[in-house]
Amino acid sequence: MNYQLFPFKFETLNEDEIFLSNEAGEFCFISNNEFQQLINHDLSSDSETYLDLKAKQIIAESCVNDVIDMMAVKLRTKKSFLDNFTALHMVVPTLRCNSNCVYCQVSRKNIDSKNFDMSKATAKKIINMIFKSPSPSIKIEFQGGEPLLNFNMVKYIIEQAEGKNTFKKRNLEFVICSNLSLMTEDMLKYLKKHNVYISTSLDGSSFLHNKNRPLQGGQDSYHTLIEKINLCRNHLGHDHVSALMTTSMYNLHNLKEVVDEYIKQNFNAIFLRSLNPYGFAKENNIDYDVDKFVENYKETLDYVIQVNMDGYYIVEGFATILLSRILTPFATGFVDMQFPAGAGIGGAIYDYNGNVYVSDEGRMLASMGDEKFLMGNVHSTSYDELFNSNFLKSLIRTSCLECTAACVQCAFSPYCGFDPVRNYSEQGNIIGHIPSSNLCRKNKQVIKYVLELIKKNDKNINEVFWSWITRKPPQRRSL
Amino acid sequence: MDKITKNFEHDIAKLTINTEIYSIKAIINAAYNFNKDCYLYNEKISDSLIETRLKLKANSSLSLEKLSDEFCNELINQQIRLNIEKEYGHIRDLIFKKAFSPIDNEQNLNS
Chain A
1 MNYQLFPFKF
11 ETLNEDEIFL
21 SNEAGEFCFI
31 SNNEFQQLIN
41 HDLSSDSETY
51 LDLKAKQIIA
61 ESCVNDVIDM
71 MAVKLRTKKS
81 FLDNFTALHM
91 VVPTLRCNSN
101 CVYCQVSRKN
111 IDSKNFDMSK
121 ATAKKIINMI
131 FKSPSPSIKI
141 EFQGGEPLLN
151 FNMVKYIIEQ
161 AEGKNTFKKR
171 NLEFVICSNL
181 SLMTEDMLKY
191 LKKHNVYIST
201 SLDGSSFLHN
211 KNRPLQGGQD
221 SYHTLIEKIN
231 LCRNHLGHDH
241 VSALMTTSMY
251 NLHNLKEVVD
261 EYIKQNFNAI
271 FLRSLNPYGF
281 AKENNIDYDV
291 DKFVENYKET
301 LDYVIQVNMD
311 GYYIVEGFAT
321 ILLSRILTPF
331 ATGFVDMQFP
341 AGAGIGGAIY
351 DYNGNVYVSD
361 EGRMLASMGD
371 EKFLMGNVHS
381 TSYDELFNSN
391 FLKSLIRTSC
401 LECTAACVQC
411 AFSPYCGFDP
421 VRNYSEQGNI
431 IGHIPSSNLC
441 RKNKQVIKYV
451 LELIKKNDKN
461 INEVFWSWIT
471 RKPPQRRSL
Chain B
1 MDKITKNFEH
11 DIAKLTINTE
21 IYSIKAIINA
31 AYNFNKDCYL
41 YNEKISDSLI
51 ETRLKLKANS
61 SLSLEKLSDE
71 FCNELINQQI
81 RLNIEKEYGH
91 IRDLIFKKAF
101 SPIDNEQNLN
111 S
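Chains A and B, in that order, are what the protein sequence lines are. Position 244 (the first sequence) corresponds to 244 in my numbering; numbering is contiguous. Position 57 (the second sequence) corresponds to 57 in my numbering; numbering is contiguous.
Next comes chain B alone, as it looks inside the complex (with noise of 0.2 Å):
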């Protein structure tokens, strides 16, 4: 299954999500990014599979549908974020490194 599969079930939004598309990670941070607006419920239904539910919040102004595809587009993003920084995490590493060491430092991170 590679599309993200979308049930609604009364005040509930079922979302099946492929891991091999979409990282435990990036799902993760897309539900840490809407938890303010739904509650999240997150659980492994197979090897390959999520099952995120989203519960609107009693105070939230937006509809399910809405808050569903929002999420989709979220989850695109934080997985762009996560494929990004597997090419250029270590250069931030060592850009950090080298701004904060001491100039004694300096040779040792070049070696």
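For reference, chain A alone in the conformation it holds in the complex (with noise of 0.2 Å):
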């Protein structure tokens, strides 16, 4: 047949199927031996097969470069996330917490540490530092440490980021990540006027939670939270509440435990996070093997399906990434999984005492001794150095999995990401060895099974699949 080949990349799922996708993310499920035909020009344009790789632009008859037009405009529009530069600016007011979790990354200081809070003149440079990246969205998102242990530093930084906002005119954003254990109505109803959301850390039923985020003293955490939660609801609104999880090998094998908590507290959203090997997450011994987390991450996704079919709605934010970028046109940059990495471009933090990282992953290997992922400071770095530096570009290009070994291959890339951090900190160098990087072992099989799940064609799967990329609860019929 008289057809160009356009780029593919593919992968043999089994013996008789074989994964193709391009640089845009379209994809198609082909048999070996239609894969034989096509790449030997011999397969039939009456074939559906054809019609398909035809549709998805792998395949031309003829305008090429028409095509050649079309798979431009696709590629740069899945890559418009890097056209804002740094949007998410992530600030620390403190390093001193009162949580003792299994899994703490950053290696927090004791409450009573206060030479680990910080201060104006350094809040203030971080300001300014902040506004000067071009995005027009600005997010400042308070970690800590917990930032309520220093919230005058926080009401500081929000009034002067608002302040600057008069003149720059963005679409800023607060958020504060928090253990709420120290949250009072005060600060709520402070809060509240300066639109601030919230985003805490719900692991789990009472004793999955207490087991992974004690307080330091040993109470109870899991009830103040859930208190806390339905104070911050009452003030804010349900909408600005979330909770993230993280995956220790203590609810490991709990995970549908975990959903039934979401529910059991109303919230309709839940990212099943595996562990980030950090800070004291690597010294307690709480890690896990990665096939254990995905055998558990694939049941557990089958069961939050179901629970959306039965009728409650709750995303599952790992999958919904991976739809969005399967089977939609559009952009979705997320830090931690995009390529070029997100490392400084897509999102910063500042630290309390004016250091700048490229991730809040690369602070943590800083408090462990490693000071690689140090861009500089605040008080003595400027802006063009901070952001436009040989190091930011050198981690950035190396990054591209365009031309990373075995990425630049693989059929799944399109929707993977580079961590620069992650591998060095596993592997000790930024670009990996990728055959034995966990990352891109966990990466991979999660997003061979939405896949498969995806060619099931099944109606009640993608009703729920398109309800979470679109942020809707489906329609239910009325009985």
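None of these hints come from the bench; they were simulated from the model. The structure displayed is predicted, hence computed values, not measured ones. There's no promise every hint is true.
[What the hints assert, rightly or not] Calculated cross-link-like contacts (lysine to any residue; reagent style SDA-like; alpha-carbon spacing at most 25 Å):
#1 A:Lys448 <-> B:Asn73
#2 B:Lys97 <-> A:Glu61
#3 A:Lys298 <-> A:Ile263
#4 A:Lys444 <-> B:Asn33
#5 A:Lys372 <-> A:Leu82
#6 B:Lys86 <-> A:Cys403
#7 A:Lys56 <-> B:Tyr88
#8 B:Lys36 <-> A:Leu401
Bring the two chains, given one by one in their own frames, into a single complex with the hints.
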């Protein structure tokens, strides 16, 4: 047949099935026989596969230049998350913390160690730095330590940023990541006035949450958290409070129970998140085999889908990112899993002392004594030196999967991402060794599973998936 | 010699590969994907033959025979990738140039 092959990648799924994808994320499952015909230019133009491949710009019969233009537009759209540069700015008002989490990635400081609080002079420099970003959207996310231990600094930063934004006119948003134990009605009145969002951590039922995230002194953190979540919702509104979970070896085999807890607490989103190997997570021996996580993730994803089919709307975050990348033409920048990497250009973190790191994980490594991902300090480094540095350029250049060994050939790469800090932490260098990378192993298996579910073409599963992508609960038929 | 010959000596599998069928790039790419489970040594033994030796790492759960069979399959995939790359590589370059060029440069790309 007279057709032109367009760029695509392939992966053998089993003896008779091959998965094809292109740079824009268009994909196709074809038989081994059809694959042979395709590459030998023998594929019949009458076949459904031929028409499918043509529709997805994996082959073109004529007007090759037009198809190139179309592919360029699709690729540009997929990468449009790069257009606006750094939008996420994480700020650490204090390293002090009253939690004693088993997997703490920051190596927290005691609550009376006030020399780990941010000063006003540092905060002012940070705000100036943040507003030098060209991004039309600025999200300031307070991280810790526990930010509420230095609430006066949180207020100072919010007010400084709002003052600056009177002239800068950005789409400014605030989020506090907190264990909520110290939240008071007065704080909430302030946060309501300034439209601040809350992101907290909920790792499961009372037993699981207390096991993973005890307070210092061993008090029951779970019941305090639930009480404070409700208090926050009453003041700020239901949609202003979200929660994240982390999988340790304690809740690894109880992920369905974690989902049940999210439902019990009326959450409509959960992100089944594996452990990051930093800080105390590395020392406390609470890590687990990546295959075990994937096995439990798959079972729990099925469970979440079933819960949705049964009428309770709850989005699973990791699958939703993948589904958006697989099923829509739109860009989905997610700093932990995108390429080029989000390090510095998607998000940056400003520590209590003004040190700036490419990511929270970079800060975690620094707390373990390795300052590889320190970009500079707001007191001594200019914006240009921080964000236009050879270090950052080199980091981003190496994080393009189009030129990374193994990833360059991987048919799942259009849906995946690159994490230079994780590679460095786990494997000793930024590029990493992909065949032995746990992150690659996890992502590949989860992507394959999501593709399997898509391939089923089950009406009910599809309805759930699209409700996740569009963030709109499906319309239920009235009984 | 058209087909790959396999010999096993103690804990080493020796594959003799014809470079008129499989390019050195395909052999290296395949070797990279296998260096998690085994040590690989490539040696040119004539103008058209490469000997690849696979030695299992101590922690590998795979058998040497299965590993060498998988390696042969991987060689085919790698060679196919290189073959089709020849057909569409220039198109991919053009797509990337167009996708990430400022609009002002569009005319130059088309000329």
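Consistency of the hints with the structure:
1. Of the pairs offered as hints, the one joining A:Lys448 and B:Asn73 holds, with about 20 Å between alpha carbons and a cut-off of 25 Å not exceeded.
2. About 22 Å separates the Cα atoms of B:Lys97 and A:Glu61, which keeps this hinted pair within 25 Å; it holds.
3. Proposed proximity of A:Lys298 and A:Ile263 is supported: the alpha carbons are some 19 Å apart, at most 25 Å.
4. In summary, the hint linking A:Lys444 to B:Asn33 is supported, as the alpha carbons are separated by about 14 Å, within the 25 Å threshold.
5. Distance hint between A:Lys372 and A:Leu82 is fulfilled; the C-alpha atoms sit about 24 Å from each other, no more than 25 Å.
6. With a C-alpha separation of about 17 Å, the suggested pairing of B:Lys86 with A:Cys403 holds against the 25 Å cut-off.
7. For the suggested pair A:Lys56 and B:Tyr88, the alpha carbons sit about 15 Å apart, so the restraint of at most 25 Å is met.
8. In summary, the hint linking B:Lys36 to A:Leu401 is supported, as the alpha carbons are separated by about 20 Å, within the 25 Å threshold.
Checked against the numbered hints given earlier, this structure breaks none of them.
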